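Enquirer: Listed here are the chains, written in short residue letters.
4 protein chains.
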Amino acid sequence: MSSAILLISCPDRLGIVAEITQFLADHRGNIEHADQHIDEQTGTFFMRVTWNMEGFDIPRSELRTKFTPLAEEFHMHWELYFSDDIPKSAIFVSKETHCLFDLLVKHREGHFPTEIKAIISNHTAAAPIADYFEIPFFHVPKNPRNREEAERQEQELLRHNQVEVLVLARYHRILTREFIKPYQNRIINIHHSFLPAFVGKNPYAQAYRKGVKIIGATSHYVTAELDAGPIIEQGTERISHRDSVEDLRRKGKDLEKIVLSRAVQWHFERKILVYHNKTVVFD
Amino acid sequence: MSSAILLISCPDRLGIVAEITQFLADHRGNIEHADQHIDEQTGTFFMRVTWNMEGFDIPRSELRTKFTPLAEEFHMHWELYFSDDIPKSAIFVSKETHCLFDLLVKHREGHFPTEIKAIISNHTAAAPIADYFEIPFFHVPKNPRNREEAERQEQELLRHNQVEVLVLARYHRILTREFIKPYQNRIINIHHSFLPAFVGKNPYAQAYRKGVKIIGATSHYVTAELDAGPIIEQGTERISHRDSVEDLRRKGKDLEKIVLSRAVQWHFERKILVYHNKTVVFD
Amino acid sequence: MSSAILLISCPDRLGIVAEITQFLADHRGNIEHADQHIDEQTGTFFMRVTWNMEGFDIPRSELRTKFTPLAEEFHMHWELYFSDDIPKSAIFVSKETHCLFDLLVKHREGHFPTEIKAIISNHTAAAPIADYFEIPFFHVPKNPRNREEAERQEQELLRHNQVEVLVLARYHRILTREFIKPYQNRIINIHHSFLPAFVGKNPYAQAYRKGVKIIGATSHYVTAELDAGPIIEQGTERISHRDSVEDLRRKGKDLEKIVLSRAVQWHFERKILVYHNKTVVFD
Amino acid sequence: MSSAILLISCPDRLGIVAEITQFLADHRGNIEHADQHIDEQTGTFFMRVTWNMEGFDIPRSELRTKFTPLAEEFHMHWELYFSDDIPKSAIFVSKETHCLFDLLVKHREGHFPTEIKAIISNHTAAAPIADYFEIPFFHVPKNPRNREEAERQEQELLRHNQVEVLVLARYHRILTREFIKPYQNRIINIHHSFLPAFVGKNPYAQAYRKGVKIIGATSHYVTAELDAGPIIEQGTERISHRDSVEDLRRKGKDLEKIVLSRAVQWHFERKILVYHNKTVVFD
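Chains as they are written, first to last, in our numbering: chain A, 1 to 283; chain B, 1 to 283; chain C, 1 to 283; chain D, 1 to 283.
Hint data in this document are derived by calculation from the structure and do not stem from the laboratory.
Model, not experiment: these values are computed from the prediction.
Since no wrong hints were added, every one of them can be taken at face value.
For identical chains, the list gives no copy identity; a pair is met inside one copy or between any two copies.
Here are the simulated EDC-like cross-link-like pairs (lysine to aspartate or glutamate), alpha carbons at most 20 Å apart as the crow flies:
(1) Lys251 - Glu237
(2) Lys142 - Glu178
(3) Lys210 - Glu246
(4) Lys251 - Asp283
Model the full structure from these sequences, guided by the hints.
Expert: In structure tokens form, the structure reads like this:
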């Protein structure tokens, strides 16, 4: 049983909700969830609405065409998805595999509607894990000298597997602007700090030096600027003066896993809208 | 600038959202917030929608009449409020005044759209606080022998002041079934435990004896069954073996204040729907 | 480099700390950590002290004998461990394997100083996981008719492998009083509710029916009374009216993993003292 | 019944704990609490020990002299307090009074062992609150032109009232380096962000612009560098895209109150040791 998911943003105007819901009702679309938000500073209207395709009298192939006039009338940016279209994804990972493990277990338990086509790593540590979960593993070593060539190889892999979404599960190589560009709002990263604090390398060591009493983790879409893309989810955890940098690393792992897996789940459930380098995450 | 707030629950059916939003659009009601929820177990539809009364072409006095046909068609339970109708309330308190203080400070800062007509207490501890905040204080002593007479006095006070909502801010006297009856879903209590754990007296002493590692507070509507009414909000806080019962009491105070004040705010913002002894709390 | 860990409880008395620390200093034991707690209600003194065995001038084999006079003078209950004595353990699991997975990944990353000798289950779901982590798996089916025989088989397994500690990682069979008895304070369970709320079966369904706004998980030592043993650790997580029982189950999984793994870690780090059906958990 | 509180930091060495606790036992000092910490990176030992002065056979007036040889032997930095020496304090506040209110209510309930001698403000908003709590109020207007003169007036007030500790309860004027200097680790500030994120002005507006999913509050000792002194306590709270800057401000208030009041309590309970621009906060 398939559902349609419509994500909309447009200038706020009288009657938007009515027009959209009337369009669905006219075609016998039974709304399963509808959520809207108005950003009052910019006068922008956001909506996520899902409805059952069973009984809906517009065939899937004609839906875009039929919805276009309404979308144009309200100057909408819109995205349309179907719950049974399962997007293909790839996970990038380096030496630390706790997030990878957590994603794969949750994926196997059915939490993420995606087909994971590849695990790509600059190390070999994750190879046996990929093997156990029966996902193809690709070792693409990376260093300052071979970066261009390595990224070409990765791009080829992604293209060949029709990968639409990239999850960086503690991947410690910076992706170039060119590599990122075609995947706008489709590369999800986990940074092991409460951003915008402690950007860049060794955030736990930075947090330790600063003497914070709480550590954090942040999942965000990757943009050209390091650790500065739209934030999807954050989590925090108390620490104390007793905790060494190593303790922070250990305590942070559970935080990273939870924060990343929530962001990944919401992305694949099509709950996220990006605007002004921020996110609207519908319930 | 006044808004209308409509709270609806009814059996789920095709086109409900469309009909409601179309009704508003037809009369030039610009939706400010709309949120809906479907309880899939019982097939129940819930909605909260607010719109600007400026420009809305049905006068306030006719709105109920005009909406009734639609409401009947969908077998709705519905409540209609206007943001500039400020309901009257009373706060009941005993010896411990931290919640009372917190509510009065927040009320003064404009957090709760209510007019507090009376502070009623079985002790005199709160009298100078009521005085400082310039709210009439009524001392109504209560003991097993005079309960009937005391409640009659309180009822008279409430009637005389047209009080619609009662907030029990650590009021340590049990209200009778008869007293409660006319105020269904309009008496808000704070219980200093994570309900349903530790019902009744001395929940902190109970928690200490049990050796829990986290304490809680629960705000709920009062029903005839002690500490068992619909839960509005809960909060929790870590403790350790080092904490004495007195420490729990002290740490719990901030928790109680936050949990009660949130419930009170949501109630007066008309964000709460009750069904099956549970609450829907819209964002 | 080995450390000694001493856990003490006794009636509080002048000079206890001085006597113990002087004993260590006299024998050139450099204290790494010392933590004490006094329960004022019962006048009980608790202490955990660890020191470096390098340079300590009492050989390990004579330490118990040498410490006994001091212990007797103060009427101590005491336990002595060495950080390089790695105790043997077994994990019990049923169909749900998320906690098992989490424990095994963390064990592999070095979080728990224990040797896991066996994974025992009344289902076969965990067999491939055990296989991947190279830990012997034992399928011991259990039903009301064969319980006695099944427990005998398990006891034999545990004895044969010299297992000292049992971890119930979502094991859904009740252990008999006789089975539990020899493992006092050495069977760690995870219950998927905020105890003492929602004892017994289907706590998430109970929580859903009650309409709580926060769910919890509790790790405790197993005693003859169901879900009533000394609490080691608890965790909580916000939910809302939007969450179905299935959502609670999903959200609860991360909570269960974190709470159980903390309890397991603290147990093997010898940080827990039990008294009056409660725990002291040293930092 | 008075207790002595000793705070120590020194290079870590064999036998420190033994020497200190033996010193106390020799003089019949019954230890009430003892907590120690070793910073392994720098090899620094920290200790907080409290004991009952009843029965202790060194008179209070000779204690410093008697303890000095031991302190010198171990090259200690040390501070000695008595629980019945109540230090004098002043609260600085600007227009927003929620933290002030919370501190005064908690002070009246006995949470902070201090005598509040003055409330000092660049506005008059807090005057009636000071009046209600019967604490002298001083209005010291401040602008870029009169800063020197204003600070001189404040210094005079503090000196005259023998104030030892300053609490900045949302005081929105920067204190000069000269003003701060004599009060090292004795000026407690609350900053309404999760430091080091969002230093300086309007942190809630900064947080809103950045699109964080969690807001924070930080209490720290004031140093010459803005919002960069040793962190005492932090707290965080979830927000969502629905929250306006005004909502963040409102939600942040409870956070600020809790974080500041904890820091103030710990300071007056003498639980805080500062080193390397960080704090050790004993339980």
